[in-house]
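Enquirer: Sequence:
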Amino acid sequence: MKSLKITAIIVFSLFLSACNSSDENLWDTKISTPEEVVKIIDLSETYFDKNVTDEQFKQQYPWFQGSVSDSLFSARRTDANALQIYNDIKKSTQNISLEKEIADVFRRIKMYFPQYESPKVYTYSSDGQMYLDPIIYNPEEKVLFIDLSCFLGENHAAYIDIENYLKKSMTPAHIIPKMAEAVARTMVSFHREEQKFVELMIYEGKVKVLQEAFCPTLPAHLRMYLTESQYQWTKENEANIWNYFIEKDVLFSEDQKLAERFISQAPFSKFYSEIDKEASPQVGVFVGKSICDQYLHKNAKDLPHFLSKKTQEIFNDSKYRP
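The sequence shown lines up with residues -18 to -1, 1 to 304 when you count with mature numbering (1 follows the signal peptide of the UniProt record, and there is no 0).
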């Protein structure tokens, strides 16, 4: 595979680490917390049940309708397209033990955060409309909502108008990593004063470290929402990517366009060169996690303590070398 053709002005790439932190999982250990039972509440099952009236449903789940009008709320319950999508959900999830997988995530969270309280878990269908935010987690209310209509597989007919790069992570295999990330984001504090590019990368890296700790047995490319080839490209080019950031003097820049180019979801990372045609997306997230991994290799693997560290301290103490 073609590598980035970028000339480095420093010698970081000459001193490769003896062990690539991106390849090593620090958290793949046996679950040590007690067994846990998760019972998913399928809101759609009740919503599409012809024997349940509108009023009965609203009494049981008064918060579900939100600002949707009564007429639209009622009409959707018998809409052929909505019913077909719900049937597709049941087919796509019939061979996965979702309750067990979610329970294992909660048990792993409690290994590192013993005071964590597992939320009630609800599933529902938005007909794919919530694809940008398919997981809603509220730690204060202790509720977790999973929109299963956003995990039907990238070729599902309901996704015809969605960008291809987004559809790649709309599969059943992405339910658990996205759920784990949703929980992780509520645990990682975002400091508004930390707006430098390297700080934003490390913030994302912190989230990804927690996500990995919560579902460590999943393939790394799934947790990064990349294809296997995209993940491999990023690994192979990590040193070149870092040298590009150094050469362009962007690490300590507060230019928000850098986040759009290298951190935000997109079809590819934007180096503004011919390499963009094959560059993987979100390389800044990958680099941020690598920095965090190298910090953790050199320090105690204590997640609460790790989360208390400012991004600049993590960067300095990691002595990051791609």
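Treat the hints loosely; a few may be bogus.
With a straight-line Cα cutoff of 27 angstroms, these simulated BS3-like cross-link-like pairs (lysine-lysine) come out [said to hold, decoys possible]:
(1) Lys150 x Lys40
(2) Lys252 x Lys92
(3) Lys21 x Lys40
(4) Lys124 x Lys21
(5) Lys292 x Lys92
(6) Lys230 x Lys150
(7) Lys280 x Lys291
(8) Lys21 x Lys92
(9) Lys12 x Lys280
(10) Lys102 x Lys40
(11) Lys252 x Lys178
(12) Lys178 x Lys124
(13) Lys291 x Lys178
(14) Lys12 x Lys124
Honestly, the hints are just simulated from the structure, not real lab data.
Enquirer: Decide, hint by hint, whether the structure agrees.
Expert: Structure-based check of each hint:
Distance check on the hinted pair: Lys150 and Lys40 sit about 35 angstroms apart at the alpha-carbon level, beyond 27 angstroms; violated. For the suggested pair Lys252 and Lys92, the alpha carbons sit about 38 angstroms apart, so the restraint of at most 27 angstroms is broken. Simply put, Lys21 and Lys40 have alpha-carbon atoms about 21 angstroms apart, close enough for the 27 angstroms limit, and the pair holds. For the proposed pair Lys124 and Lys21, the alpha carbon gap of about 14 angstroms is at most 27 angstroms, so the pair holds.
For a cut-off of 27 angstroms, the pair hint linking Lys292 to Lys92 stands: about 23 angstroms separates their Cα positions. For the hint pairing Lys230 with Lys150, the CA-to-CA distance comes to about 31 angstroms; that exceeds 27 angstroms, so the pair is violated. Annotation: proposed proximity of Lys280 to Lys291 holds, straight-line Cα distance about 14 angstroms (limit 27 angstroms). Taking the CA atoms of Lys21 and Lys92, the gap is near 18 angstroms; set against the 27 angstroms cutoff, the hint holds.
Taking the CA atoms of Lys12 and Lys280, the gap is near 22 angstroms; set against the 27 angstroms cutoff, the hint holds. Of the supplied pair hints, the one linking Lys102 and Lys40 holds, its CA atoms being roughly 19 angstroms apart against a limit of 27 angstroms. This hinted pair checks out: Lys252 and Lys178 have alpha carbons roughly 18 angstroms apart, not beyond 27 angstroms. Distance restraint check for Lys178 and Lys124: the Cα-Cα separation of roughly 33 angstroms exceeds the 27 angstroms cut-off, and the hinted pair is therefore not satisfied.
Between Lys291 and Lys178 the CA atoms are separated by roughly 16 angstroms; this keeps the pair inside 27 angstroms, and the hint holds. Restraint check: the Cα-Cα separation between Lys12 and Lys124 comes to about 26 angstroms, which is no more than 27 angstroms; the hinted pair holds.
Consistency note: the structure conflicts with the earlier hints numbered 1, 2, 6, 12.
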